[in-house]
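Top to bottom, those sequences are chains S and A.
For the first sequence, counting from 1, position 332 maps to 332 in the working numbering; every step adds exactly one.
For the second sequence, counting from 1, position 120 maps to 120 in the working numbering; every step adds exactly one.
Hints may contain errors.
[To be verified] Straight-line Cα separation of at most 25 Å, SDA-like style, residue types lysine to any residue; simulated pairs:
id: 1; chain 1: S; residue 1: K190; chain 2: A; residue 2: A103
id: 2; chain 1: S; residue 1: K70; chain 2: S; residue 2: N327
id: 3; chain 1: S; residue 1: K211; chain 2: A; residue 2: A129
id: 4; chain 1: S; residue 1: K211; chain 2: A; residue 2: L127
id: 5; chain 1: A; residue 1: K133; chain 2: S; residue 2: N121
id: 6; chain 1: S; residue 1: K268; chain 2: A; residue 2: P135
id: 7; chain 1: S; residue 1: K191; chain 2: S; residue 2: D367
id: 8; chain 1: S; residue 1: K252; chain 2: A; residue 2: L127
id: 9; chain 1: S; residue 1: K94; chain 2: S; residue 2: E57
id: 10; chain 1: S; residue 1: K211; chain 2: A; residue 2: M1
id: 11; chain 1: S; residue 1: K337; chain 2: S; residue 2: A301
id: 12; chain 1: S; residue 1: K376; chain 2: A; residue 2: F272
id: 13; chain 1: S; residue 1: K348; chain 2: S; residue 2: K376
id: 14; chain 1: S; residue 1: K337; chain 2: S; residue 2: T358
id: 15; chain 1: S; residue 1: K300; chain 2: S; residue 2: T358
id: 16; chain 1: S; residue 1: K300; chain 2: S; residue 2: T209
id: 17; chain 1: S; residue 1: K252; chain 2: A; residue 2: Q130
id: 18; chain 1: S; residue 1: K253; chain 2: S; residue 2: T358
Worth flagging that the hints you see were computed from the coordinates, not collected in a lab.
Being a predicted model, the structure only gives us computed values, none of them experimental.
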Amino acid sequence: MKNVRFFAVLFAVLCLAALPAAGQKTPVLKIGINAEITGDIPKVGEATKYAAQMYVEDVNKAGGIEVGGKKYRLELAIEDNEAKAESAAKAATKLITVDEVIAIVGPQASKQAVPAGEVCNNYKTPMISGWSTNPNTTKDRPYVFRACFLDDFQGPALSIFASQEYKFTKAAVLYDVASDYPKGIAEFFKKDWEKRNGPGSVVAYESFTTKDTDFSSQLTKIINSGADFLFTPQYYNEVPLIVQQAKQLGWKKPILGSDSWASDELVKLCGKDCFGHFFVSHYASAGAKGATKEFIDRYKAKYGSIPDDVAALTWDAIGLIGAAIRNAGKLTGDIKKDREAVRNALAKTKDYPGITGTISFPPGSGDPIKCANIVKINDKGEFEFYKSVCP
Amino acid sequence: MTVFLQNLVNALQWGSFYALIAIGYSMVYSILMLFNFAHGDVFMTGAYIGCGIALLLVGLGSAGILVLPGWLVLVLTLLLAMVVTACLGMFIERVGYRPLRDAPRASAAITGLMIGIILETGNLILLGAQRVKFPALIQPVTYELGGVFVTNQKIMIVIVALGLALALHQFIRRTRWGMAMRAMAFDYAVVPLMGVPINRIAALTFALGSGLAAAAGILFGMAYPVLDPYMGIVFGWKSFVAAILGGRGSILGATLAGFLLGFIEIFVAMVFPSTLRDFIAYSIILLILVFRPYGLFGEPYSVRLRL
């Protein structure tokens, strides 16, 4: 009995002794996670945490991250921003001043990412949001980046897809004139399409207002305009009505949409009528190939669920930071200088092979140039990766 | 020409909903001299009740307990939902309007608004904000006639709407209850002296109006199978416009004005850019009212229930 106690004590002492020793062998770099773990969108926080943890485990298993010939272990400092704007700013401040992180991933939603970006920029700490599409998140903030494309890019992406894939020349657009998101995308699409196919190549440019349910008159016009396809950047609750009415009026050509289509609800509401149509997305789980598929399989094996777009974008966001740390040259140990070095390396990112597309940051901007994924709604009603479109 | 005919078909369907809802507004007005502003939300509730009954019957069918063909499910859904919504209408009348019958008109008017909000938010609490899909009870079949596309649904919607309007017309013209309603519309104060039970007639009026709104809701669900709790608001306003345009208290007027409204909306979008649709459509209606201030079938200072 006495022996057991002796060994237990000895073991404990050894463990305590080993801890700092291990720390000394490989120094630690901390990456902050500012995520929506509680509050309205807990799924977003969960996906963020899971993807980031998986990345850090990978890096540490490989012996850490190598910068200037020296290896560093990665550690996460996770803060919950409760899906609130004030808490996001507080979480960012704590990560920067107390945890002394080298860079921060998140927040994901624009409501939190905009104020947190302000804090990070003031403290000159690199921050990257996976999911936030609001232009203000990165606007005039040299320290703030994002891993996703902006709404405006979706119009040109579809325009490229329709011209290249099908050699279409005549487009029809149906959008909600009273809602910013569809209106913006429709306008960007029209501009790009007319640049490619000449003025007048958008043969029908029809609109309605929010809450409208009958589009028969607009669709009759579109059908008689001789358009090759219909582009409708609407939300998942309006798309089923548009698609079904178009079908009932005799429309048999493709219908294209924006990332607002991407909801499980779409297939529930629309059923078979939506099968075979396309939309732009950050990421699609079905039909993924290469590194994306590997990520999906590993994530599923580890956490038991298919990663959503937040998880995939977080994976790319933290991957971008990892790559930037690697490319930072040499870390001095002075956290302020090191943050500066990481931010400079991040801003110079070129052709980073992300799982949501190849990512580059243009000079002076935190908004990436990346390829968009065209997703097809397949015969099982799944969102299947179809093609990558690059600007 | 095919574009014109196609839009004619579109407008017939669209007008059917306005017509059915406008009749409810008009009837209540002719009898109680007030507009039931909750009527648009009764339409919404009717659609949800119909959706619930349809899902239940479809569920029973797929469980093998009660296998019915699609058309019979639809008929049952229509009838049951109309009855349930009629009861809701009577309940609204009993709780919201009867206690306020001698109150100032403004009080009764805001009662309708409040009941409407209660129905919307109640639905939101009960079912949440996500949209509900109305089950496809009959498989849509598209017919092409010389470039004009018509579905079996569209034909059914127009026929059911016209049939219900006609049935109501006959009910009011031929039955004793109908006679009592006409009498009450003629003189609200004297009729009780003749032994007409005005409370029961008022309840009946609400029941009939709400039943028609439920029918409109189900037909709407067939044509536009995505339901949301606020779908009745704008629809209610526009049908209210149709009721006024038809001439207050006129059933024939409300029906025709409902279709007219559908035609104007669809054809304005055909001729002008669709962004201007409602702007131009309702300017036209304003113009009609300037020249016919009592509506198409209305008469000055008369609120008689006309046929």
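So, going through the hints one by one against the coordinates:
With a CA separation close to 57 Å, the supplied pair S:K190 and A:A103 exceeds the 25 Å bound. Using a Cα cut-off of 25 Å, the hinted pair S:K70 and S:N327 holds, with the two alpha carbons roughly 12 Å apart. Taking the CA atoms of S:K211 and A:A129, the gap is near 15 Å; set against the 25 Å cutoff, the hint holds. The hinted pair formed by S:K211 and A:L127 meets the criterion: a straight-line CA distance of about 19 Å does not exceed 25 Å.
This hinted pair does not check out: A:K133 and S:N121 have alpha carbons roughly 46 Å apart, beyond 25 Å. Restraint check: the Cα-Cα separation between S:K268 and A:P135 comes to about 11 Å, which is no more than 25 Å; the hinted pair holds. Taking the CA atoms of S:K191 and S:D367, the gap is about 21 Å. The hint holds against a cut of 25 Å. For a cut-off of 25 Å, the pair hint linking S:K252 to A:L127 is broken: about 35 Å separates their Cα positions.
For a cut-off of 25 Å, the pair hint linking S:K94 to S:E57 stands: about 24 Å separates their Cα positions. Of the pairs offered as hints, the one joining S:K211 and A:M1 is violated, with about 30 Å between alpha carbons and a cut-off of 25 Å exceeded. A hinted pair counts as satisfied when its Cα atoms are at most 25 Å apart, and S:K337 with S:A301 does not qualify at roughly 39 Å. Between S:K376 and A:F272, the direct Cα distance comes to roughly 34 Å. Violation of the 25 Å bound is thereby established for this hinted pair.
As the CA atoms of S:K348 and S:K376 are separated by approximately 33 Å, the hinted pair breaks the 25 Å bound. Distance check on the hinted pair: S:K337 and S:T358 sit about 28 Å apart at the alpha-carbon level, beyond 25 Å; violated. The hinted pair formed by S:K300 and S:T358 meets the criterion: a straight-line CA distance of about 23 Å does not exceed 25 Å. As the CA atoms of S:K300 and S:T209 are separated by approximately 41 Å, the hinted pair breaks the 25 Å bound.
A hinted pair counts as satisfied when its Cα atoms are at most 25 Å apart, and S:K252 with A:Q130 does not qualify at roughly 29 Å. Annotation: proposed proximity of S:K253 to S:T358 is violated, straight-line Cα distance about 31 Å (limit 25 Å).
Hints 1, 5, 8, 10, 11, 12, 13, 14, 16, 17, 18 from the list above are not met by this structure, while the remaining hints are.
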